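Number of protein chains: 2
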Amino acid sequence: MNFQIEFTRAPIVAPAREVSKEIGAQVDFWGIVREREQGRAIAGLCYEAHEPMARAMLAKILNELSALHDCDEVYFIHRLDFVAVGEASVLVRARARHRQAALRLTEELLNRLKADVPIWKQHVAPR
Amino acid sequence: MNFQIEFTRAPIVAPAREVSKEIGAQVDFWGIVREREQGRAIAGLCYEAHEPMARAMLAKILNELSALHDCDEVYFIHRLDFVAVGEASVLVRARARHRQAALRLTEELLNRLKADVPIWKQHVAPR
Numbered sequence: 001m002n003f004q005i006e007f008t009r010a011p012i013v014a015p016a017r018e019v020s021k022e023i024g025a026q027v028d029f030w031g032i033v034r035e036r037e038q039g040r041a042i043a044g045l046c047y048e049a050h051e052p053m054a055r056a057m058l059a060k061i062l063n064e065l066s067a068l069h070d071c072d073e074v075y076f077i078h079r080l081d082f083v084a085v086g087e088a089s090v091l092v093r094a095r096a097r098h099r100q101a102a103l104r105l106t107e108e109l110l111n112r113l114k115a116d117v118p119i120w121k122q123h124v125a126p127r
Numbered sequence: 001m002n003f004q005i006e007f008t009r010a011p012i013v014a015p016a017r018e019v020s021k022e023i024g025a026q027v028d029f030w031g032i033v034r035e036r037e038q039g040r041a042i043a044g045l046c047y048e049a050h051e052p053m054a055r056a057m058l059a060k061i062l063n064e065l066s067a068l069h070d071c072d073e074v075y076f077i078h079r080l081d082f083v084a085v086g087e088a089s090v091l092v093r094a095r096a097r098h099r100q101a102a103l104r105l106t107e108e109l110l111n112r113l114k115a116d117v118p119i120w121k122q123h124v125a126p127r
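Chains as they are written, first to last, in this note's numbering: chain A, 1 to 127; chain B, 1 to 127.
For reference, chain A alone in the conformation it holds in the complex (with noise of 0.2 Å):
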């Protein structure tokens, strides 16, 4: 399975579809941040990361998920700093030959995101 793994101060934009004949599945998915946290009113989040640990970690996991689901190719981009409400702060994209692989996958790399990725958040009050 080929991974890439991004970090990024932009707005997070859509790589386009690459064509080929071997992927019949491709999930992007898009985390965005909420106007509400724990009930709060929020302008939106500050993420940080210790990125030489977060991309270790992601390709740590990315290799266990690969031997779980045949995926052909998997695209994480995380945005760090500000992120708005209304703005993604992640995409995942996951390309596999079944629509199962993918959507699997995707699901448990978030899940792992949260637990184990060294990226925290930071509520942004509005003014």
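If you are wondering where the hints come from, they were derived from the structure by calculation, not from laboratory data.
Just so it is clear, the structure is predicted and the values come from calculations on it, not from any experiment.
Possibly wrong hints are sitting among the right ones.
The list treats identical chains as interchangeable, and a pair is accepted whether it falls inside one copy or across any two copies.
Unchecked claim - For lysine-lysine, the following DSS-like pairs were computed, each having C-alpha atoms within a straight-line distance of at most 25 Å:
#1 Lys-114 with Lys-21
#2 Lys-21 with Lys-60
#3 Lys-114 with Lys-60
#4 Lys-21 with Lys-121
#5 Lys-60 with Lys-121
On the provided structure of chain A, position chain B as indicated by the hints.
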């Protein structure tokens, strides 16, 4: 839950991502024609639907799934007639407050689509 069901004879283009303060997760699922079906090389697939029945069945399925998975919006578009290898035959977009609802609804909708919706495909052999 709001939903929209479309059939098209033109290539599928993803609508722009609408900004909402309540949506925390968006799943875009692309189903793409692969170059082999049951081991045989194909040029593409030709899709036919009984459109009124397919719409009614999809609406019924979406109403059932909305009771199980707390999604806000679902957009479903399926292509008809010839779809070449590498092109998308279907796009499902599910938007929800939380990722699990969007992922699960997408997966179940795709399972039900294959099982219950009157859309048929025929292999088109290469020249």
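Verification of the supplied hints:
For a Cα distance limit of 25 Å, the shortest separation of Lys-114 from Lys-21 across copies, 21 Å, qualifies, whereas the shortest one inside one copy, 33 Å, does not. Proximity of Lys-21 and Lys-60 under a CA criterion of 25 Å is satisfied in neither setting, with 28 Å inside one chain copy and 33 Å between copies. In the homo-oligomer, the alpha carbons of Lys-114 and Lys-60 lie at most 25 Å apart inside one protomer (15 Å), although the nearest pairing across protomers, at 34 Å, exceeds that limit. Taking identical chains as interchangeable, the C-alpha atoms of Lys-21 and Lys-121 lie at most 25 Å apart only when they sit on different chains, with a minimum of 18 Å there against 39 Å within one chain.
For the homomeric pair Lys-60 and Lys-121, the shortest alpha-carbon distance inside one copy (22 Å) is at most 25 Å, but the shortest distance between copies (40 Å) is not.
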